[in-house]
Every structure is written in structure tokens, then in C-alpha cells.
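Chemist: Here's the letter readout for the chains.
2 protein chains.
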Amino acid sequence: GKAPAGLVDDPFKSDPERDSSLMVRSSRPCNAETPASELGTFITPAEKFYVRNHLWVPDVGDAEDHRLTIELIDGEEVTYSVADLRKNFREYNITATLQCSGNRRAHMTAGSRPTNGLQWQIGAISTATWTGVRLRDVLAHAGVDLNEPDEDIKHAQFVGAEAYGASISFDKAIDRHGDVMLVYAMNGQALPRDHGYPLRVLVPGHVAARSVKWLNKVILSGDESTSQWQKRDYKCFGPNVASHNVNWDDAPAIQETPVQSAITGVRQVKGDRLRDSDLARVYGLEEESVVLEGYAFAGGGREIIRVDVSPDNGKTWWQAQLLPHDKDVHDDNQKAWAWKQWRLALPTHALHEHFCVKAVDESYNSQPEQFDAFYNFRGNLANGWHRVPVSSRSKD
Amino acid sequence: GKAPAGLVDDPFKSDPERDSSLMVRSSRPCNAETPASELGTFITPAEKFYVRNHLWVPDVGDAEDHRLTIELIDGEEVTYSVADLRKNFREYNITATLQCSGNRRAHMTAGSRPTNGLQWQIGAISTATWTGVRLRDVLAHAGVDLNEPDEDIKHAQFVGAEAYGASISFDKAIDRHGDVMLVYAMNGQALPRDHGYPLRVLVPGHVAARSVKWLNKVILSGDESTSQWQKRDYKCFGPNVASHNVNWDDAPAIQETPVQSAITGVRQVKGDRLRDSDLARVYGLEEESVVLEGYAFAGGGREIIRVDVSPDNGKTWWQAQLLPHDKDVHDDNQKAWAWKQWRLALPTHALHEHFCVKAVDESYNSQPEQFDAFYNFRGNLANGWHRVPVSSRSKD
Ligand SMILES: [Mo]
Ligand SMILES: [Mo]
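Chains as they are written, first to last, in my numbering: chain H, 1 to 396; chain Z, 1 to 396.
Treat the hints with caution; some may be incorrect.
Which copy is meant is left open, so a pair is good if it fits within one copy or across any two.
Under the rule of at most 25 Å between Cα atoms (straight-line distance), these lysine-lysine pairs were calculated in the DSS-like manner [what the hints assert, rightly or not]:
(1) 335 with 231
(2) 335 with 154
(3) 315 with 231
(4) 270 with 48
(5) 327 with 154
For the record, the hints were derived by calculation from the structure and aren't laboratory data.
Full structure from sequences and hints, please.
Modeler: Below, the structure written as C-alpha cells:
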């Protein structure tokens, strides 16, 4: 529970140690992004996975003592230990990208105007294989009729041990193809404390703020969570709306996220080195070239179908190669819950001022060119084209 | 079936008469858009609904003689008359917008470069209440196990009586919340011949090209339809791709469509007339004003959550009022399959050069500012901001 500062011991004192390569945006609570050098692999190592904490990391003690309570619509409660979940339900592995609603907020600030919130660059996004059980299976066991559910149930609220709360639609919670999970392992190891040990929700395709960590309670309800993270912080308003004139109820809580992409690396490559590589086979480039790498991701399980890269600030465009998943990733995914890595080799003569990237998803939605017309004062869902100066390339 | 010209009678000779207000883009086959004056109502009258025919209108004779054949994955066939469908299955009413993939293609041409295809303005989109039975119910009756379907079934192909064909994913075809229908009535009347009499498919949230008219056959298959309308015409490629260098397999067939919006009317209104109106209550405008009206729509059942209008070519933005549905529309919709009508009153002093509109859907996707970077040589899914000269306003 929440404890007023000064009345008790420092609630952050039992926060875990973090990997020193993470780029810390705030330390209490800990918010730290994955460095660009770690964004080029399909699976992010757990210790390099970005950390987004709203409060302290609760010390939940032993996983054996942790309990999850499901509160049904009639108020009845059913309680499970993590061992109960492991023992009684089929286990699934879902490989999913989580992205903070504030990813690339710093780009919106730089491209338009100041925004409220942590100034994340491109690293408030990571991907892992999550192991656990399906929420729908547990709800069915707890007494919910999945075929003819009570029509009063509209939302599934989640409450974490540190007092964070959020909700998703009940439809998503029980969607046969929604892959909403109660997760106890990450990349084949026990969930780290920063990522929700011993139990978290995974809501693939939705903004990460709904994948509540240190999960204590699931409440089936006619109402959304009343937390500030549901009712206020994670919403977008028009570019003309500011904190002094906002009506928070005018916008819905962010759930599925729009198309996003970023350039994570730019390397100068000599023609003779390129000739032996995959990229030369794809693009047939022989002259001195630049290799760009990055990620692209869309919410809602919508697959990325194309990544367009410009070497000249948007005048001409090339299609990047979308890389296949790691061969050793085995998952039960029903939709495209994970990002696509991409790369592209461009001849040096084509470069002019800025590289840009924009991705397209299977519904043919894409990203805005600039930030001004999509500015929102909270700086959420900053998905304008990612621009990187041509001069930033490192020599190979 | 298809008949070579010259060998038989003119196949277009039995095409129906059309309403004279439709704006004809081609006459053989008939392609005609809804005039802007008819785009301002939530339900489009059937005779004003845009017509998009790829070939002639087949003369299927009496509805009583028409048959629908379901071809199962093992090749077995089950046949239904329209009367069978009406008698044996629960009837649903779904209010859905259909939009041609070429809607607003003329704007892409004008905003960027020439495109192949009919040069539609803003009227290749309309909305109706469709009455029929659920495809999933009929498939279950024909022998498909909806809970554990044969894993070889990946697509549902549709074949029309005039030889048109297209397909959708089998997942969409049987999605409990997908509302895919076999339709025999439109706005409470028998389906007009131009819209598929006596039976068509309705695939809400997908590009209209999948809602096959004059439906003869549904084929469950491991493969997509092999028609040109599935494999070629209805795809988008990068702005650098042209007809001479396209690899048609590089892009997936368009199914769900991106966010779209348009301005359908601009009226100058005197302050004293505005004072008595709804708009004055919402916006409190007293001076001479301009009232803008339009539509906004997103595929995939994603609700339009905001419409931003600029009176000065994108420099400043105002939020339009999203109008409630007509009170007399009763439907069984499970998602936001229909467009939203919107309107906004703006003070005359704010106007400068161009009005612009862009909409935002519940996944917070929006529309591109310009056409150049999203140009595709087929001119599909032209959803750049709709710009209208301020000088175009009509006096009230
Ligand atoms: Mo977040
Ligand atoms: Mo179309």
C-alpha cells in the first residue's frame, strides 16, 4: 500500500540493483531506458529491458506467499497462489513487445513544444518471451461464463502491490485471440523484481501501462479503473489542448497503440565489406554504403508490413528488409505482438541531411511526418517519423 | 460468367437505372459516387449509395432461384437458397460504412502524382443498415467446427455471379465479434441490383472490395482468392514503387482500412442565425461564422475518438463535435463499423487559405499530412488530410 513519505522508512530502499547500461531518466521511482545498442536484437535480455516504475518496487517476499484475488461482478472473491496457477492451467509462451506511452517523448518536445513527463528517447520499448497462464482460463475457473458472460462486466481492473492500478476492456481480457496472460517468467527465467516478480499481467498489443506488475487483484467491473493512470495520464488530446483547459473525460484511455518505428543504428560500411554480406545480396550495393538498423511496431497485434527509409529527409524512399524472428524463439502467439527488426543499406551518394523512417502496419496506418499537428501536452504516443542526422553515422 | 465482347450480347444491357444525382466516374462498368450533399446524413439512402462495379450487373433473375454454395475444405458442397438462409438462421441488422479503396484517389493525384484508377473524390463511401444472417452461423450449419476449426482453413473466398472474386481471413469470417454477414436487405428494403441483389457479403471494417456482391459461392481454403482484385489491384506499395518495377507479392491485400475523413460541406452563417443553433450552445460563437460538416471513419471497427479541424492550413486546430447516431437506427453492431458525422463552427476571423481535417481512431492512429510520402501508384487508401480552400464557402 501507499505510505506517506517521512512517516515510514524509505519505500525505495528495497529497490533492486539495475544494469549499469540502462539510461536512467529518474531514479525514485526508477525509470530507465534500454540503450540503443541493445535495441537491435529481437529478444531484449531481461536485465536490459527498459524499467518503467510509477512508485517503488514492492517487496512481496517469497513467491509462495503471494496471492492473486479475482473479484467477480457479484463481489465474490476467488484466490490463487502462483503455484495454483502453474499447477492448474495450461502454460503458454507469448513473445510480446511492451512500449511505454512516453517512448520518444523527447522527440515530440524537440520537434514541437515542451511536454509533461519523462523525456524518453527511443528506448522505452523492449521485447521478451513471457511465460504464464491465460487470464481467460483463470477467469473461467473462477466462475466466469466465457460464452455468455454477465453483460454488466465491461472492464477488467488490475491492482498492483505498490498501489498502481489500470484496466482493459473485458472483451480483450477474455478474447480467445487476445493472449492476455498472468505471467511468472520472462525469457525463461523467473520474472525479475523490476518487471513484476512474482506475477504480472501481460496485455499484448496494448500500451505497457495496462500490463500491471506485482499483481494482487483482478476486479471484474462495469467501470474502468479509477486510477490517475487510467483516467488522466495515459490519454492524448488535440494540439490545442493544454493542462489548464483539458477536460480529462474528452479522450479515452490509451489501449492499443499506433504505428511506431525508430532507427537504432547507423554504420558506415566499405564496399568490400558489404560485398560479402546479406545486405549486398539483397541490395546489390558495391560502393561505400551506410547500413541502418531499427525496429518497427504496431499495437493491436497488427503486423508491420513495410518500413520506408529516406536518406534525404523524406524526398526519396527505400524499403528496408524486415528481418525474420530469431529461429530459437518458440511462442504461442496468435497475432503480431512483437516488433519487427529491420535493416537497410544505402549508397553514400544518396545521403542528404537527415535519415527518416516510417513504418506501415497491416491496416495501412502509418506515422505522422511532423510532431506539431499531433502534439499533445502529455507527450504520449510520440510517433512522428524518426529523423537522424546523416552526420551521425559511425565509421565501421 | 465472363463473356468476350462481340461474341454475345452487350453484358451491360441489363444494368439497372441509377439515380441522376450520382456522379458517374465510368459508365461501363458503372462507377458513380455519392454527391457531397448526400454525405452529411448518417444513413445513406440506397439510391444515393455509391456504386462500385468491376463488371456488369449480373441478371440473376428471381431471388427464389438464386443459390449460395459453401465449399468446405474437403471439397464437399452445401447449398442454400436465400429463403433457406432467412428461415434457418437468426437475422441481424448491422449498420456499416463501406468505402472503396480508391476513395479520395483524385486528392492523391492532385497532391502528388498521377495514379492508376478511377479518380474518386470524397464520395466513394456510404453507410447503410444491412440485414441478413451471420456467415459464421451458416458455416457452422454447413459443418464447420467453429471451436476447433480445421487448421488448414486460412481464408474464406467469395465468388460473385459476374466473376468477381475476393477473400478475407478465415479468422475474420468466423470471429464472434466480426459481424461478417450474408445480406439480403439494405435500409429495410430488398437489396438493390447495384448492391448485390439478391445476396451479398458484408465484411464490416474491411475495404469494400471484400464485400462481394451477387454472391454465388463461399470457398474455405488454405489460399487467398487468386483474383486480380486480391493479388494485385487492392494493395499499396511504397512511394518509390511503380507499375514497371512492382513485385505484387511484396504487399498484403488491403483488408482493414486506415483512418479517413473528409469535409463534406462549408457554410457561411450569420451570427444571429447561429445564436439559436446547437452549434452556438457548443461553441458560444456570436460573430459571423463558418460551419463545416463531414465524416470520419476507420477500418477494423475502431471508433473515431476525435476530429481535428484547422481553419488556417494546419497551423491551429479545433475539435469538431462528433454527432450521435440517428435515434432511429437500431443495429446489432459489436464494434464501430460505421462512420461518425461531425460538425464545427469557426469564427470568420480565424480563417486563412485552407481548411484541413484529420481524424483519430481509438488506437490513436491518424492521417498523413501530405500525399507525397504515402503515394502509391495504384492510388489506394488516399487518406492525407482533406484540404478545402477557405474561399469555397457558400453563403447561407
Ligand atoms: Mo508508460
Ligand atoms: Mo474498391
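Chemist: It remains to establish, for every hint, whether it holds in the given structure.
Modeler: The hints, checked one at a time:
| no. | hint | verdict |
| --- | --- | --- |
| 1 | 335 with 231 | between (28 Å within a copy, 22 Å between copies) |
| 2 | 335 with 154 | both (23 Å within a copy, 14 Å between copies) |
| 3 | 315 with 231 | neither (41 Å within a copy, 29 Å between copies) |
| 4 | 270 with 48 | neither (31 Å within a copy, 62 Å between copies) |
| 5 | 327 with 154 | between (39 Å within a copy, 23 Å between copies) |
The structure fails hints 3 and 4 (numbered hints given earlier, in ascending order).
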